[in-house]
Each structure stands twice: as structure tokens, then as C-alpha cells.
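Undergrad: Please arrange chain H on chain D, whose structure you already have, making use of the hints.
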Amino acid sequence: MDAEREVLDVLARNAREDIDDIAAQTGLDADAVADAIDALESDGVVHGYQAVVDWDRVDEGKIRAVVEINVELDRETGYEQVADRIAKFPAVDALHLVSGDYDFAVEVLGETMQDVSEFISEQVAPMPAVTQTVTHYIMETYKDGGIRFENSDEDDRLSVSP
Amino acid sequence: MRLSDRARELPESGIRKFFELAEARDDVISLGVGEPDFSAPWAARTAAIDSLERGKTSYTANRGMGALRERIADHHERYGQSYDPDEEAIVTTGASEAVDLAFRALVDPGDTVALHEPTYISYGPGIELAGGERLSVPTRAADDFALTREALESSGAADADLLVCCYPNNPTGATMTDAELAEVAAFCRENDIRVVADEIYAALTYGGDHTSIATQPGMRERTVVVNGFSKAYAMTGLRLGYALGPTDAIDAMNRIHQYTMLSAPTTAQYAACEALDRCGDELREMVDEYDRRRRLVVSRFNEMGLDTFEPGGAFYAFPECGGDDEAFAEALLEAQGVAVVPGSVFGAGGAGHLRVSYATSMRELKEATDRIATFVAARN
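Chains as they are written, first to last, in the working numbering: chain D, 1 to 162; chain H, 1001 to 1380.
Next up, chain D with everything else stripped away, as it sits in the complex (with noise of 0.2 Å):
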């Protein structure tokens, strides 16, 4: 394994890692590190580092909705110019274009359940191309990022075993 892909892997499991124990982790020493990153950083690779919330569980929690949109394209307008409009707003976390019975699946965060309705009802689906939008709000997260959203499995294994 190159060593970029062997810091990618590092770091996606956990962001926080700093840059002696990555070395340490992968066998590269922290200037190799280093440069692995800013690579990696540079090309696009990696794009930010952000922690896996259980929003919750914060006294002044968010709304979380998965949107899908429809779109009709035409001559001038294609996904990528949709796709764009509609990233350019902050509350959209995440958007992706899918195969299926819609064409973008969309997480919009708000700080309540009118935010997210108002912003679809007032700046998505007014967009020309929009054609239809369905918006789901997540009513309980169990896993995101690649972790279960639960009080972590007590280590029953005997404390010292041959």
C-alpha cells in the first residue's frame, strides 16, 4: 500500500490522530506523514475533517432531513448546474445524484423542522428545474460515519487469558 493510502485509512477512522502516532501507526516517519497529507489535502482528496455527531444528544439539537429531488434538464441546465445551485446553500450538509426513482438525495440540517420545510418550500422547489421534492425527516440516527450511535459493548473478555 502507498503511503498516502496508508495515512487515508488512518484518518478515517479517526481525524484526530496526530502525526507522530500516524508515523508511528504506519511505519513512515511524521515528515513522510506529512507530506502524505498535504498531498492528499492538495488533490482533493481529503476535503475537511469533522466529528461524528449524535446531535441528540446536544441540549440544542438540529433537524436533520434527507430530501429527494427531481429535476428536469434541458439544453442549458444539466445535473452539474443543479447540483450547484443547490450546494451553494448552507444548510444542505450533503448532496449526492443516484440512480433510482429521483435524481438527488439531499441532507438538509436546520435548527427545527419549519427551517427545513421553509427552505425547501422557499429556495429548492421554486428552483426552475425542480420538478418535485419529498422531504423525510430523520426521526433517530443509530449509526452514522461508520458508528453505531449506542453505549459501546462492555469488554466482558477475561482481563488476562493465555
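Note that these hints are calculated values from the structure, not bench results. Remember, predicted model here, so these are calculated numbers, not experimental data. Even glycine gets a Cβ: it sits at the ideal position worked out from N, Cα and C. Wrong hints could be hidden among the right ones.
[Said to hold, decoys possible] Coverage of chain H stretches by chain D, computed from C-beta distances (three or more under 8 Å per stretch; other residues unrestricted):
hint : region
1    : 1119-1132
2    : 1290-1304
[Stated by the list, open to error] Not the full set, but computed from the structure, chain D residues with beta-carbon under 10 Å of chain H:
hint : residue
3    : E6
4    : V10
5    : R13
6    : N14
7    : E17
8    : D21
9    : I22
10   : A23
11   : A24
12   : Q25
13   : T26
14   : G27
15   : R157
16   : S159
17   : S161
18   : P162
TA: Chain H alone, transformed into the frame defined by chain D:
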């Protein structure tokens, strides 16, 4: 009740004492655990659940389900091994049963069984229960704990009837290369020594695939290979292992097994089929994670001045603590709440070392190695 001499003479395991010391405290980070910290892959667990829902709770064939033996034989082709699933394979209740069966099938009273040490603690008692006499063959830190012809010769192993060969090794994490195995194989052929090769950690090697002594020229017919699902697929509690070997050896093992065990756990056999069919990705992810932890742990021990060779397999590092390893481990537990297992528990050649298991989360490994560094600095 009057007990048999055999039972009374079995010594208490040296691990027991550390288990009790560690259990007595509730703030311990344990690097003393000899099993994976992962759970079995979910697909394997659901296969076990499905089998129960379908009412698959009967015995299987003595040798284990045919479908499982076929998968095992297929799986071993990756190691350059070819075994007939019907004649040359037996599924057992953990690799432990396979080792015990091999001893009982291959050892006559008074036979000498050479055992490289340090090694897993169950072989010695297993040999003695089978009536054999244990011959200790110390491996050396200078050889990174690989077994050498010199070690065999100087221990008098030329007269041995059987050799137990456990690589990747518990407790050292040592692996052996083809060239190193070739030397041992030549020694076994020259002296007509049969081999029980416990390769339970074969799937957990780093930087190179496992190679089995049974693939050395002339060794297949004198070797019983033992393996299992516990370490590779984090299925220790499901108790499923197996042995591969020449038809006469497997037949003999099966004769004992059919009386003493009948068949290995049925539910676990369904989980094992699924593990071999569909859990390769999880296995690779576990191996990658062990590998990162291995590097971190080895580099941290070397940084704190406890020399540690780079182990090529299993999930143990074997740092040198110098002097009395038991006293070191006890003092470390007392002062810093970190449990490790003294190397001398694993027999000759283990003294002055510690078995450090990295089958523990990265976060705990960092905390534990920080604490050990503090302990070491305070001693110097």
C-alpha cells in the same frame, strides 16, 4: 474425593496468578488478553442465528459438516496446501481439541515431544496428559524467537518423536520464513520426527502471508496442521477449530474425537462456513487494524527503552524488560494499573520479557503505553 494422580500433578497455570491480581482491581487496562477485542463478523453471527432458527441443533458428522470441510480445504489452497476434505480434515471444538487429539493420536507413553519455548501454555500439559515427556527447546531473542536447527540440536531434540511447532507464535508474535522452516523441516526428516503445527494465528500475519511447515518437502506426510476460527474471525467463544493431515493421523484423531466429543458445535460450524464464504473483508480490516496497533506498540516500547523485535504475526509484542519479569509485571500492575503477562510463564527463553497483547483499542494502547513509559522512567 480422591483425584487421579494425573489431575493432581497438573500444575496451576502461571497466568492464573496475574488474572487474579488484575481482576482484583477495577482500573486496569489489560494488555494481557489472548483473544481478539473484535466480535465475530456480523454475517457469521447471523448465520449462526439463522441455523438456530431453522432448528439446526443436531450433531453433525463426527468429522464436521462436509460443506465446512470443503471450504476449509479450499481456503488452505492459498497456503499452497492441498488436503482431501473427506479423508484429511477434521473439525474440532476449538483448535485446543485438535491439539489434544493430535497428542493422543501420535504420542505413546514415554515418547519425547520437543516443544519450542516460550510458547502457548497448553501444549506442555497436553503432552503430559497423553503420556509423553516434554523436551524444552528454548528459542532466543537473538533469533527473534524463530526455531533454529542449533536450538533443536543443543536441546537434544534429535531423539524426539514429535515436535510442536507454533508459528505465528503466542507469546512472542514471531513468524518463520520459508528458509527458516526449511532448516527445521530438514532436521525433522533426518531424525524422523513428526510435527504438530499449531497455526491458529496464520491469518494474522503482517507484511507477508503465512507459510506452513507442512508445505516443506517431505513434511506433509509427517505433519498435522491445526488451525481454527477463533483468532482470524474473532470467534473464540464459538469454539471451532480443525486439523488437516495424512489420512491415518486424521482417522486416528477422529476415532478419539467420536468417543470424547462426538462432533464440534453445530451452530459454530454454520458461522464458520459463512466466515469463509463472506467475511474476508472484515478479516482484512481486522488485520489492518492489528497491524497499525502492532507498529504503534513496538515503536513505543523501543522508544521507552524496552527492546522489542518486530513481530510478524499474531497480536502480541514481546518486549524485553530485563531481570525478573514477574516482579516487573507485578510492580507495573501495582503502580500503573496495566496488566501484562510475564514471559517466563510461557517457559524457557521467555524470562526477562513481557507478553503484550495489542488486541485492545488504539485508545487503550496509547494510554497503557504512556503509563508503562512513566513506570519505566521512574525505575531508571
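Undergrad: Please verify that hint: D/S161, Cβ, nearest Cβ of chain H, below 10 Å or not.
TA: For D/S161, the interface hint holds, since the closest Cβ of chain H sits about 4 Å away, which is under 10 Å.
Undergrad: The hint names D/N14 as touching chain H; please verify it with the least Cβ-Cβ distance against 10 Å.
TA: holds, 7 Å
Undergrad: Interface hint check: D/Q25, Cβ to nearest Cβ on chain H, cutoff 10 Å. Holds or violated?
TA: At about 4 Å, which falls below the 10 Å cut-off, the nearest Cβ of chain H leaves the hint on D/Q25 intact, so it holds.
Undergrad: Three residues or more, CB to CB closer than 8 Å: is that satisfied between the region 1290-1304 of chain H and chain D?
TA: holds (count 6)
Undergrad: Answer holds if the nearest beta-carbon of chain H is closer than 10 Å to that of D/I22; otherwise answer violated.
TA: Holds: closest Cβ of chain H sits about 9 Å from D/I22, inside 10 Å.
Undergrad: For the hint on D/D21, just tell me whether its beta-carbon gets within less than 10 Å of chain H.
TA: holds, 7 Å
Undergrad: Tell me whether the statement that chain D covers the region 1119-1132 of chain H is true, taking a Cβ distance below 8 Å and needing three residues at minimum.
TA: holds (count 3)
Undergrad: Does the CB of D/A23 sit less than 10 Å away from some CB of chain H?
TA: holds, 8 Å
Undergrad: Does the CB of D/T26 sit less than 10 Å away from some CB of chain H?
TA: holds, 7 Å
Undergrad: Answer holds if the nearest beta-carbon of chain H is closer than 10 Å to that of D/E17; otherwise answer violated.
TA: It holds, given that the least Cβ distance between D/E17 and chain H is near 8 Å, below 10 Å.
Undergrad: Please check whether D/G27 passes as an interface residue: C-beta within 10 Å of a C-beta belonging to chain H.
TA: Hint holds; D/G27 Cβ to chain H Cβ min 5 Å, cut 10 Å.
Undergrad: Mind checking the CB of D/R13 against every CB in chain H and telling me if the closest is under 10 Å?
TA: At about 8 Å, which falls below the 10 Å cut-off, the nearest Cβ of chain H leaves the hint on D/R13 intact, so it holds.
Figure legend: structure checked against the earlier numbered hints; every hint is met.
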